[in-house]
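Residue numbers (the working numbering), protein chains in the order written: chain A, 321 to 744; chain B, 321 to 744.
Just so you know, these hints were derived from the structure itself, not from any lab. Note that the structure is predicted; figures quoted are calculated from it, not measured. The reader is advised that the hints may include incorrect statements.
If chains are identical, the list can't say which one is meant, so a pair holds when it fits in one copy or spans any two.
[Stated by the list, open to error] Pairs of lysine to aspartate or glutamate residues, derived as EDC-like cross-links and limited to a Cα-Cα distance of at most 20 angstroms, are as follows:
id, residue 1, residue 2
1, 610, 709
2, 610, 351
3, 670, 737
Number of protein chains: 2
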Amino acid sequence: MTIHDSSLRIDAERLWRSLDELGSVGAYFDEDAGLHGVRRLALTDADIAGRELVTGWMRAAGLAVTTDRVGNIYARRAGADNAAAPVMVGSHIDSVATAGRFDGCLGVLGGLEVVRTLNDHGITTEHPIEVAIFTEEEGARFGTDMLGSAVAAGRIDLDAARARTDSAGVTVGSELDRHGLAGAVEVPIRSPHAYLECHIEQGPILSTGDTRIGVVQGVQAITWLELRITGRAAHAGATPQRLRRNAGLAAALITVRLDEMVESGEYGLLLATVGRQVNYPNLINIVPEKSLLTVDLRNPDGAAMARAEADLATCIAEVEKATGVTITSRVTAKTPPVAFPDSMRDLVEKHASNLGMSCERLTSGAGHDAGEIAALCPSGMIFVPGLYDGISHNPREYSTPEACADGIDVLLHAVLELAGSGNE
Amino acid sequence: MTIHDSSLRIDAERLWRSLDELGSVGAYFDEDAGLHGVRRLALTDADIAGRELVTGWMRAAGLAVTTDRVGNIYARRAGADNAAAPVMVGSHIDSVATAGRFDGCLGVLGGLEVVRTLNDHGITTEHPIEVAIFTEEEGARFGTDMLGSAVAAGRIDLDAARARTDSAGVTVGSELDRHGLAGAVEVPIRSPHAYLECHIEQGPILSTGDTRIGVVQGVQAITWLELRITGRAAHAGATPQRLRRNAGLAAALITVRLDEMVESGEYGLLLATVGRQVNYPNLINIVPEKSLLTVDLRNPDGAAMARAEADLATCIAEVEKATGVTITSRVTAKTPPVAFPDSMRDLVEKHASNLGMSCERLTSGAGHDAGEIAALCPSGMIFVPGLYDGISHNPREYSTPEACADGIDVLLHAVLELAGSGNE
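In isolation and in its complexed conformation, chain A is listed as follows (with noise of 0.2 angstroms):
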């Protein structure tokens, strides 16, 4: 057979029950979704169960395992030409503490479904092809997420990413060496060939309408802010309003005017979330003496994310003057928008198109890995519609069987492309 040829496909039922069982590893009774969840947090027992399983899995299919400093592994699947440098595929197995199973697994197993589907068909390519399981991509243990393949494109130096710590003050380098993953291969990493990533969209856009593949543009601007507010405790039926520094309040007004920000358009796809509040000291009848307030902001366009941040920081300003509290503001995260290059979109698109998929342009409103290997060589991603409005982080995040198969055909034939023919 020749190796573009458009009947190829990928074992959908293999795919499938390999998401499965790895989803068994860290699996928890979530209460309040009422199913099993998934808790695989990086570097933990459970992180290193499914590495193992995947590993296991990585050298049956043939692949040479190597890890590098940071736990990042690459399973090669060799080339005709072994001296080109590899097409990389791949994502995480790493997981936040209340996830589904789709959420990084989807992008790793579906690399290594591309080389067992390559396997079964006798192919070749010219340039090996490598599948990547990247550590700690969700930041849910230490704080940044996308660490190890931020580490491996060179944004991210090793030892500060081996000093981070998580809640208890373990740090990533203790985690790394008691389990014998700080490998052999250097970081920054050679660069690859081409990177490709496939990856459950984690939002509405494809679920909502009838496309079968999202064409990644690239990834968002992101920028956490960790807000810290101070008034004074007071009782709640002794003080006059005129005599209060109210922090709730405070914390309040910054939220809905985020709203308001988003609403008027003025920042074009700026989102802006305040995820976490936590009141001090948290009582029916005592006036908020601190809030804790995280916001997360998204923009595809780094100047009017920069304009954002701007008119935020004129709104803490106007809050802390109109309530009498003093806020700090300090940020946590701060990536630039990714653009993937129009070669990797048209490659993904092309090849939706030729295996009859619709496709949809969008823009990633999550981090993902490829949005660091982009540094290193042309990237892109392929996203697939998820269930309920693209619930994520969740445990009742899900994709269907056919929508995965979808995304690691086009994968498969995308990888195809860049990789090359070897033995036609």
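Use these hints to put chain B onto chain A, whose structure you have.
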């Protein structure tokens, strides 16, 4: 001497020593305030230790100590006419979890100091005098404030009170039985001749001027609501604003609207506080699925309070519509405004003036036992200023020895007039 000798004064030092000694029972070190506070939740071992200390002092002062069915203590000093209804003074000694040493204790130990002073001077009154300690005034353990005095006055049924549980599921009844506090005095109690309570203001009105005595007009109406907002969790980076059902934004909109209602002046002297807010899952990059919000409304005017409650309900419906969340509202406490009779206000004002103390009429922002006992007999209250804007429910709560003595000197002379001369 005559009992209306205006030169009669309490022993300010003895009062202060008693406050100090009781303040050491249930003391803990408060990390946030950097000083010692009091933690004497109702019917805990610390509360019992406090009761034993004070009833020991009561007995040493010659008082006959009895207890009613709900553990309220009445310490009786005989009068010339023991068939006459007693003049009652008192308050409570239970505390919130992070308390100072004045809230409630000044009223109880001040009542004891009045008796000690009468003893020192060999004064007999016509009416007996009773010093009362009411159970669970704070509501901090069993969730309903003024519980003991409400049972004494008949507003709350004994069985309902005994069935109330703390956060661990322990009932009032089992705690009363464990400590042997379910006494022989029937509830509702027989009406006293009159009731007077001296208390720290717990607010900033007196602390901002030179006024030494607050003449309490009455107690505001209090309504407590618990709002449960249910939206939908969503990825902060991938969910457009129009597809969100943001429980945290709904909470912020209600908080801001309540503040606007107060500022409008359309609801009289309305106070509104959102003291407690708990988002779920409370993570930086997840749109809040749920938010629990408490609302504390106060108003000296019952009609204006009713309008505020109705308009809040409208606001809640509007926020539901605007944000797509659903909100359930539950009333967790509701007491009408209490106006103390003119005779009692005039009595306090007259004796403050006789003693050369400046006074100011004000409405109590907090609920008090006097608001309950007012259903049984003419009742009144004397407020004294606290430092630091009258901060209370906090280890920083502080009234000076002079301010405490002022209030109890007024109490002494007012009690003497109410109880009548017995030995002139």
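Evaluated hints:
1. Proximity of residue 610 and residue 709 under a CA criterion of 20 angstroms is satisfied inter-copy only: 18 angstroms between copies versus 35 angstroms inside one chain copy.
2. For the identical chains of this complex, residue 610 and residue 351 are inter-copy neighbours only, at 15 angstroms across copies versus 31 angstroms inside a copy, given an alpha-carbon limit of 20 angstroms.
3. Only within a single protomer do residue 670 and residue 737 lie at most 20 angstroms apart by alpha-carbon distance; the minimum there is 11 angstroms, versus 98 angstroms between protomers.
Going through the hint list in order, the structure satisfies each hint without exception.
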